[in-house]
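When you get a sec, could you build the whole thing from the sequences and use the hints?
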Amino acid sequence: MISGPAISEKMKENQATWEVSPGLTDYDIAIARMQERIAAIREGRAEELVWLVQHPPLYTEGTSAKAADLQDPTRFPTFKAGRGGQWTYHGPGQRVAYVMLDLTRAHGSVQARDVRCFVAGLERWVIETLKEFGVKGEIRKGRVGIWVDRPDGREEKIGAIGVRVSRWVTWHGLALNVAPDLSHFSGIVPCGIAEHGVTSLQALGVQAGMSDVDAALKRNWGKVFG
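The opening position of the sequence shown corresponds to residue 17 in this note's numbering, with each subsequent residue numbered one higher.
Just so you know, the hints here were simulated from the structure itself, not pulled from any lab data.
Okay, derived cross-link-like pairs now, DSBU-like style, lysine-lysine, Cα gap no bigger than 30 Å in a straight line:
hint, residue 1, residue 2
1, 157, 147
2, 239, 147
3, 234, 157
4, 157, 239
5, 96, 82
6, 157, 82
7, 234, 152
8, 152, 239
9, 234, 96
10, 157, 96
11, 234, 147
Laid out in structure tokens, this is it:
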């Protein structure tokens, strides 16, 4: 388990620095680092950052989370995330992208000082990425995140989004299910939606590694964020 933000890769791409942490990054360390980084971005001391991590198994509580939706409180550690949204699972095999941008200026198709446009941009980014793997990701009215339709008619969530904007600098971001243990989601009502399930690229029959997904995320970033 990573005890700090060890970085395996760093690159400039479309006005943001990209960092990829190997192994598993402790959640409290991730929160502390994001807080430090967004303060530095706001003050002009650091560049914007897209930070890709994986976490050990845990549940995070968003600002709209309901206590009853944590159905197994002793299964994994829980954290108050401070982001929007409800309960979310993070764990190995899930790519978490923490996106730290200065929204006082526009980023491609994302307008300045428009949080809804930013969230929609994150959704479009994931949808474009999924296309590379032959998966049709979709949005649903009234539900934040990315959904797929299964052949049997089921709707399942493959990507969750939860953000916070502090004095116009974004943090937190999205979680894309690549090949996590989907049974771990059973300890919560994911994002407060009980009537639909969750899925992953692996569950959809896509044999993609994390590095493949990372490369696709980077290729598609500029289609949305410029």
